[in-house]
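**Student:** The residues making up each chain are set out below.
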Amino acid sequence: GDQVEQSPSALSLHEGTGSALRCNFTTTMRAVQWFRKNSRGSLINLFYLASGTKENGRLKSAFDSKERYSTLHIRDAQLEDSGTYFCAAEDFNTGNYKYVFGAGTRLKVIA
Amino acid sequence: EAAVTQSPRSKVAVTGGKVTLSCHQTNNHDYMYWYRQDTGHGLRLIHYSYVADSTEKGDIPDGYKASRPSQENFSLILELASLSQTAVYFCASSGGSAETLYFGSGTRLTVL
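Sequence lines, in order, name chains A and B. Numbers given in our numbering equal positions in the first sequence, counted from 1, plus 163. Numbers given in our numbering equal positions in the second sequence, counted from 1, plus 7.
The set of hints was computed from the structure by calculation and includes no laboratory data. Take the hints with a grain of salt, since some may be wrong.
[Claimed, not checked] Heads up, incomplete: computed chain A residues facing chain B, CB under 10 Å, no partners named: (1) Gln169; (2) Phe198; (3) Lys200; (4) Gly204; (5) Ile207; (6) Phe249; (7) Ala251; (8) Ala266; (9) Gly267.
Ideal placement from N, C-alpha and C gives every residue a C-beta, glycine not left out.
Take the sequences, apply the hints, and build the full model.
**Tutor:** Next comes the structure, spelled out in structure tokens:
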């Protein structure tokens, strides 16, 4: 939605390289989640952050509520990392625990 | 492991027909959500619920109804399906604020 701007919209990476995805928010968000939609169409939870950074294997995510952004870093990309990545942010102001999604980043990892 | 199950996995419906999408969760979560995803777009919230027998409108509720007969079950109803409702529909549950969203596998709906 308009509250979440996700970039880039598409990305190609060679195996073994890395890059960063970013979500900018137009308002203060309470928390952010990152998902990957795999080839079967399932949404896989990657991270949930209320603040700070988290790391899991080759993935690392950061969330700065005050500066209104979140990032997802991928290093040493592998073919199985291909898919569409979404960030989803919980609006601090709604009070109804709703998440607003970015439009997604289509990642293609090539050999 | 949290579990959200959607049915059917895919469906073809005719314009003007009634469609019901079902979602069942075994997470003991209070919150359940229905989202739709269109190609090239993020997920948009249709309806959600934070307690049985009560539903709330999301950001794009027009043309959809929802039903939460129990904590575990949440249905999305298209009384008069239209071509524009062709999309992939995702159900999710969460424990509320500061809680992770858990998604079902999605339902691909095609309206002809």
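**Student:** Can we keep the Gly204 of chain A interface hint, with Cβ of chain B closer than 10 Å?
**Tutor:** Holds, about 5 Å.
**Student:** When the nearest CB of chain B is found for Lys200 of chain A, is that gap smaller than 10 Å?
**Tutor:** This interface hint holds because 8 Å falls under the 10 Å limit.
**Student:** With chain B as the partner, please determine if Gln169 of chain A meets the hint condition of a C-beta pair closer than 10 Å.
**Tutor:** At about 7 Å, which falls below the 10 Å cut-off, the nearest Cβ of chain B leaves the hint on Gln169 of chain A intact, so it holds.
**Student:** Checking hints one by one. Is Ala266 of chain A an interface residue toward chain B, by the C-beta closer than 10 Å rule?
**Tutor:** Constraint on Ala266 of chain A satisfied, holds at 5 Å.
**Student:** Quick one, is the Phe198 of chain A hint okay against chain B at 10 Å, beta carbons?
**Tutor:** Check passed: Cβ of Phe198 of chain A comes within 7 Å of chain B, closer than 10 Å.
**Student:** Tell me if Gly267 of chain A is really an interface residue toward chain B, meaning its C-beta lies closer than 10 Å to one of theirs.
**Tutor:** Holds: closest Cβ of chain B sits about 6 Å from Gly267 of chain A, inside 10 Å.
**Student:** Quick check on Phe249 of chain A please, does its C-beta sit within 10 Å of some C-beta on chain B?
**Tutor:** Hint on Phe249 of chain A: holds, closest Cβ of chain B at ~6 Å, below 10 Å.
**Student:** Does Ala251 of chain A hold up as a contact with chain B if the rule is Cβ-Cβ below 10 Å?
**Tutor:** 7 Å, holds
**Student:** Classify the hint on Ile207 of chain A as holds or violated, based on whether any CB of chain B lies nearer than 10 Å to its CB.
**Tutor:** 8 Å, holds
Violated hints: none; the structure is consistent with every hint.
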